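Given chain V, put chains P, E and X with the ligands in place with the hints provided.
Chain residues, written in single-letter form:
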Amino acid sequence: MVDLKVEIAPGVILKNPVLTASGTFGYGREYAPYFDISKLGAIITKGLSLQPKTGNPGVRITETACGMLNAIGLENIGVERFLADELPILRKLKAVVIVNIFGNNQSDYAALAAKLDGIAGITALEINISCPNVKAGGIQFGTDPQAAAKLVAAVRKETSLPLITKLSPNVSDIVAVAKAVEEAGSDSLSLINTLLGMAIDLDQKRPILGNVTGGLSGPAIKPVALRMVYQVAQAVSIPVIGIGGIVSARDALEFLLAGATAIEVGTASFINPQTASKIVEGIENYLDDQGCDRITDFIGSLEKNPI
Amino acid sequence: MVDLKVEIAPGVILKNPVLTASGTFGYGREYAPYFDISKLGAIITKGLSLQPKTGNPGVRITETACGMLNAIGLENIGVERFLADELPILRKLKAVVIVNIFGNNQSDYAALAAKLDGIAGITALEINISCPNVKAGGIQFGTDPQAAAKLVAAVRKETSLPLITKLSPNVSDIVAVAKAVEEAGSDSLSLINTLLGMAIDLDQKRPILGNVTGGLSGPAIKPVALRMVYQVAQAVSIPVIGIGGIVSARDALEFLLAGATAIEVGTASFINPQTASKIVEGIENYLDDQGCDRITDFIGSLEKNPI
Amino acid sequence: MYLFNTEIVCNQKLSPNIFRLRLKATKDFCREAAPGKFVMLGTDDSLFDPLLRRPFGICRWGEDWFEVVIKIVGKGSCQLSRLESGGAVAIHGPLGNGYPKDQLESVQKPLFLVAGGMGIASIASHIFSALDSKQSLAGTFLFYGAASYSELILRNELTAATAIGLHIHTITDDGSCGRQGLVTQLLATELQNQPQGRVFACGPEPMLKSVQNVLQKVGSEGYISLENRMACGFGVCLGCVQTVLSEDSKSGVETAKVCTQGPVFPAQEVVF
Amino acid sequence: MYLFNTEIVCNQKLSPNIFRLRLKATKDFCREAAPGKFVMLGTDDSLFDPLLRRPFGICRWGEDWFEVVIKIVGKGSCQLSRLESGGAVAIHGPLGNGYPKDQLESVQKPLFLVAGGMGIASIASHIFSALDSKQSLAGTFLFYGAASYSELILRNELTAATAIGLHIHTITDDGSCGRQGLVTQLLATELQNQPQGRVFACGPEPMLKSVQNVLQKVGSEGYISLENRMACGFGVCLGCVQTVLSEDSKSGVETAKVCTQGPVFPAQEVVF
Ligand SMILES: Cc1cc2nc3c(=O)[nH]c(=O)nc-3n(C[C@H](O)[C@H](O)[C@H](O)COP(=O)(O)OP(=O)(O)OC[C@H]3O[C@@H](n4cnc5c(N)ncnc54)[C@H](O)[C@@H]3O)c2cc1C
Ligand SMILES: Cc1cc2nc3c(=O)[nH]c(=O)nc-3n(C[C@H](O)[C@H](O)[C@H](O)COP(=O)(O)OP(=O)(O)OC[C@H]3O[C@@H](n4cnc5c(N)ncnc54)[C@H](O)[C@@H]3O)c2cc1C
Ligand SMILES: Cc1cc2nc3c(=O)[nH]c(=O)nc-3n(C[C@H](O)[C@H](O)[C@H](O)COP(=O)(O)O)c2cc1C
Ligand SMILES: Cc1cc2nc3c(=O)[nH]c(=O)nc-3n(C[C@H](O)[C@H](O)[C@H](O)COP(=O)(O)O)c2cc1C
Ligand code: FES
Ligand code: FES
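Chains as they are written, first to last, in this note's numbering: chain V, 1 to 307; chain P, 1 to 307; chain E, 1 to 272; chain X, 1 to 272.
Keep in mind that the hints were calculated from the coordinates and are not lab data.
Given the structure is predicted, the values throughout are model-derived calculations rather than measurements.
Cβ atoms here follow ideal geometry from the backbone N, Cα and C, with glycine treated the same way.
Just so you know, not all the hints are guaranteed correct.
What the hints assert, rightly or not - 27 Å max Cα-Cα, derived BS3-like pairs, lysine-lysine:
| id | chain 1 | residue 1 | chain 2 | residue 2 |
| --- | --- | --- | --- | --- |
| 1 | X | Lys250 | P | Lys53 |
| 2 | V | Lys205 | P | Lys304 |
| 3 | P | Lys205 | X | Lys75 |
What the hints assert, rightly or not - Covered stretches of chain V (in silico footprint by chain E; criterion: 3 or more residues with CB under 8 Å from a CB of chain E, positions within the stretch not fixed):
| id | region |
| --- | --- |
| 4 | 29–36 |
| 5 | 60–69 |
In isolation and in its complexed conformation, chain V is listed as follows (with noise of 0.2 Å):
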C-alpha cells in the first residue's frame, strides 16, 4: 500500500494529494452523498466574503470547447452564516475543511482572516487573490506582485491558521507573483484560478454571460496550468497545489510530476460528484503498479529530458 500522506503546509500533513477547488464543491455538504468527504485530502470551501454576497445577475455558464466559463460572481453565503450553517456540519462529516476567502481590499481579507483564526475545524486558509482591488481602481491584486505580497503579509498578521496563496494565470510572470507572495510569508501556493474568458450569442449579437467575461475552467486550460505549476515549483520552496483542468487520476499524476504537492479538483465535479474520490482510487492504483511506496517520492520527479 502507497503512502499517500503530502505536507501541504508547515505541519499540515493531508492523508492525501486530492482537495476540491473552491466554488466547485458548495459548502461540503452537497457532495456528502455521494462519497464519504473525510475521504478526500481536503475540501476547499465557496469563496467567503465578510458580508453575504448576491453575485451576478443574467446568465452565469456557458460552455466553450473543452471548458466553461462562469461568471457566478463570487456568491456566497458570507463568513458568519458559514461559521453557524456549514462548518458544524462539515465537522460533522469529518471533513478537513480549508476556507477559501476573498475581500474588495486589503482590510476584508484581513478582517477575515481575523474572525476565521483560532475556530476549530479549519485547518487552512486560501487566499483568492484574483480578485478587483476595489481601493486600487479595481485592478487585481493577482496581478501585481507588490500588491499580492502586501495583501498576504496583511492576512498573515491576522492569523495563525496557515496560509495558501491562490494564484491567477492572467499575469506576464506568475513566478514573479509566487516569490512575492513566498516573501510576504504565505505558507503554500495554489494556482491556477480561471483564464478571463468571453463568449458571445451570434444570433442575438450579444455577450452570453451577465458580467460579460467570465472565468474559463476545464480540459481546456490544462496545459497552461501544468505550464505554470512546472514554472512555480521549480522557482519557490513552499508547497505548492495544482489545479486546472483535472478529471482523472492521470491528470492529476502529471500535476504531480510537474512539482505540485496536492492538487485540486473543479470543473469535473460538475460533470460527476464522485470524480474526486475516483482520482483518489486512481492515484493509489497507479502509484501501487509502480511499486512506488510514497506519494513523495513520485512528487516532482518528471524527468527533466523530454521524449
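For chains P, E and X with the ligands alone, kept in the frame of chain V given last:
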C-alpha cells in the same frame, strides 16, 4: 451581395476579412491544390527571420483538449530564400501577401523590415513580438509595453509598409501593450498568438515536447482570444485582427462582432485545408441572410447588454 | 438520486429534430422518478467536447427504464440524439423537486396543464404517470402549443390519455394544427371560466412570463417549471440561479437554485 | 490528393484492440492510392475532441473503397475503431510519397519486406496491391514480427499471397507464434545470404534503427517508412520533421517533412 471589403490598415483594403495565421499556412503555395488562395483577404506567411532557422529538435506537436501545443521553434527558410523562391510563386497565384517577421533582438527586426521595404508583392508586415529578446535576457518583447513600443518604433523607421503588430496573450494587461504599440506607430494589431502551455507523458515521466513548453492554439483558446479582442478593440483606434480558435464562419463572425476588422484562421487549416475558403463563403451567406449590405456595418456591432 | 452508466434501449425520431430515447435504468432510480424531475445526461466520459452533462426532463418511466424527449438545439442535444440502441449514456438523477404531489393529486379542482414546445416533456410526465398507474385524469386539461404541426409531438400517446379523462387543446403558432396562436390564450380563456383551477406550466421563458401574468390577472395559483442553464444539476455551481421573492431577505428577493430548489416554483414567486 | 466525407462500409475486429475499417472512396482517390501512402482520417467536424485528424496507412483498396487497419493507442484511434457501418468519416489523401515504384517492381533482386507491429498496415499494402492486380511476388520475403500471436493480424490475407510467390516468416516477442525474437533478427540472417536484396521496412522507431544498422553492416540498400506525429499531413505545420542527411547544407543534415517528403525514406539518409 454583401460587400465584404475591409480596411485592415490605412489604405490596405482587402476583398474580405479572412486571413491565414502565420505558421499554419506554410508559405501559401502548399494550399494552392486545395483552393484558389487569391480568394482570401490575405495570406500571412510562416514567420521569417534574417537567417534560415532549423527549429526545435524532438517532438514538436501534441494534442490537448480541444487544442494543440506546438514547439516548432520558428523553423523557416529565411528571408532571402523566401524572396527568391516563394514570393514569385505567390505572386503568380495572385495571393495578397503579408509577411510575418521575428528576430532575436531589435536590430534583427529592423533589418528585416528594411530588407522587405519596397518589395513588390508584399502588402504589409506582421511583427511577431512573442519572441524572447536575447539582449534583454530572454524576456519576451511582447510582455512589456515599453519594450514592445521600442521594437515597433524601430521597425517603423525602416519601412513604409503598413505594420501589423501581433500581440502575445501571455500578459497581465494586453490593453497596455496594445496602446503602447499603437502609440509607437503600428497601423494595426493582430491577436492572439498562442498561450504558453505544457504537456507531460505520465508513463515516461517526461515532458512531451522537445522544447518542454509550447504554444497552445485551437478552439480551447477561443474564449480568451475573444475577450482580448473585445478589450483591445475598445481601447485603440487602429484596426484589430482577431485570431484564436476560429474554425467556422460563426466563430469568425463572433470576432467581428467583438470589434475585429478581420480575422486569421490558424490551427483549423491543419484539420481541413479548405477551412479559410469555407469561412469566406460562410460569412458571405450569413450576412446575406441577415440582409447586411456591408460587412463594415456588422463589425463591432455587438450589443453591450448581455442576453 | 443515483449515478450510473447505462445504455439506450431505442431511439425514435418524433420530428425532424426531436427524438425520444428510452434508457435502461435501475429500479431504485425508477422508484425515485416523479413528474417534473429531471436527469443530467452525458455520453463518452473520455472525450471532453461536449464537456458538461445536459438536463432533460424524465418524461415517462417503468420498472427499469425511462424516457427522455430531446430537441436538437446545439451540440450536446445533437450528440445524444444520434445515439442508437446499445449506445452508452451516463446518468445522474432523478434531480429536482418535481411538481408538488399533493397539488397534482388533489381532485377537487380542475387541473390545467400548459406546455409550450419542449415543455411537453415535463408536462407529459404527469399524464403518462397517471396513465401507467391507471389513475383518472378527470378534470385535467392539457393546453399544448408548438411552433407548428411537426413540433406537436407525442400526439398518439397523449390522445390515449383521453380515455382516462384528459381534455386536450392544441394550438400552433402557424395554425398548422389546432387553433392558431399562443398557448397562453387557451389558458386565459379557460381560467376565466374556472378560476379555481390549478395551473402547471412548462415552456420557454416568454411563455412562462405570460402564464404568470394570466394567473395574476385571474388571481389563480399555479406552478411553473424553469429550464435555466445548468452546469452541475445538484446545487454546487450556482450557475442556474433564478431571482425569487423572499420573506427573509431585506430586499424582498433572493436567488434560488433551479436545480435543487426547482425546477418547479410557485408561479408568483419567480421574478423574471 | 482529395478531401471528401465518406462512410464506413464495415468494421472488423482483428484482435482485442486492432480493427480493420473499409471505407467508401471516390474513384479518383483509388487511382492515386499506392503502397506506402496514407490518409488523414477525422470524424465529426462539429466536435473538437479529438481535434486533429489522424494518419493511417492505406492498406488495401479497390475501385471505390479502401481499407485501413487501426490499433487503439489513444482517443483518436479509439473513436475511429468504434465506428460502425454507415459511420461518417472525413478523408484527406492519398498523402505521402509511398514506396518507390521502380524499386518495388524491379524483379531482378529479392525483395525483403520487414514489418513490426502495426507496420504491417503499410508493408501489406504492396502485397495486397500485387495480389489484387494479379502480379507475381516471386522473390519477395515478408518478415513480420509482433508482440504476440494475437497481434499478428491479417494472417489469412497474407497467406493468400503465398500463391503468387510470397515467402512469409513470422516472429513474436513472446514466441506465441513463429520464432521467438525480433523481426530484425530474421532480416539479418537472410541478408547475410542475399546481400543484394532490397529492403522495405515499417514499424516502431527502435525496430527501424535496428534495420538501419543491419543494412549498414551488410552494405545493403533499403527504405524505411516513418510514423512521426503529424498535425496536418500535407507539409504546412512542420510538426512531423525528421533529421536527414543533406548534401546541400553545411552541417550535413537538414530537416525533412515526413508527411510530404516521406513517410518513406532511403534508410541510410535518416538520422535518428
Ligand atoms: C430542468 C431542465 C429540463 C429540461 N428538459 C428538457 C427536455 O425534456 N427536452 C429538451 O429537449 N430540452 C430540455 N431542456 C433543455 C436542454 O437541457 C437544453 O436544450 C440542452 O442542454 C442544450 O444543450 P446543447 O448542447 O444541445 O446546446 P448548447 O450548444 O449548449 O446551446 C444551444 C443553444 O441553446 C441555448 N441553451 C443551452 N442550454 C440552455 C438552457 N438550459 N436553457 C435555455 N437555453 C439553453 C443556448 O443559449 C444556445 O443558444 C431542459 C433544461 C432544464 C434545465
Ligand atoms: C504515416 C503514418 C501512418 C500510420 N499508419 C498507421 C496504421 O496504418 N495503423 C495504425 O494503427 N497506426 C498508424 N499510424 C499511427 C497512428 O497515426 C497513431 O497511432 C494515431 O495517430 C494515434 O492517435 P490517438 O489519438 O489514438 O493517440 P493519442 O492519444 O494522440 O496518443 C496516444 C499515444 O500514442 C503516441 N502517439 C500519437 N501519435 C503518434 C505517432 N504519430 N507516432 C508515434 N506515437 C504516437 C502518443 O505519444 C501517446 O503515447 C500511422 C502514423 C503515421 C504518421
Ligand atoms: C463555477 C465556478 C466557481 C468558482 N468559484 C471560485 C471561488 O469562489 N473562489 C476561487 O478561488 N476560485 C473559484 N473558482 C475557480 C476554481 O476553484 C478553479 O481554480 C478553476 O475552476 C480551475 O480549475 P478546473 O479547471 O479544475 O475547474 C470557481 C470555478 C468555477 C468553475
Ligand atoms: C504550428 C504553429 C506554428 C505557428 N507559427 C507561428 C509563427 O511562425 N509566427 C507567428 O506569429 N505565429 C505563429 N503561430 C501562431 C498562430 O499564427 C496563431 O496566432 C495561433 O495558432 C492562434 O490561432 P489558432 O487558434 O487559430 O491556431 C503558430 C501556430 C501554430 C499552431
Ligand atoms: S446547476 Fe449547478 S447549482 Fe444548479
Ligand atoms: S504533418 Fe504537418 S508538416 Fe508534416
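Checked hints:
Distance check on the hinted pair: Lys250 of chain X and Lys53 of chain P sit about 13 Å apart at the alpha-carbon level, within 27 Å; holds. Restraint check: the Cα-Cα separation between Lys205 of chain V and Lys304 of chain P comes to about 9 Å, which is no more than 27 Å; the hinted pair holds. Restraint check for Lys205 of chain P and Lys75 of chain X: satisfied, since their Cα atoms lie roughly 20 Å apart, inside the 27 Å limit. Judged by the Cβ-Cβ criterion of 8 Å, the region 29–36 of chain V is covered by chain E as claimed, because 4 of its residues qualify and three suffice.
For the region 60–69 of chain V, the assignment as covered by chain E holds, since 8 residues bring a beta-carbon within under 8 Å of that chain's beta-carbons and 3 suffice.
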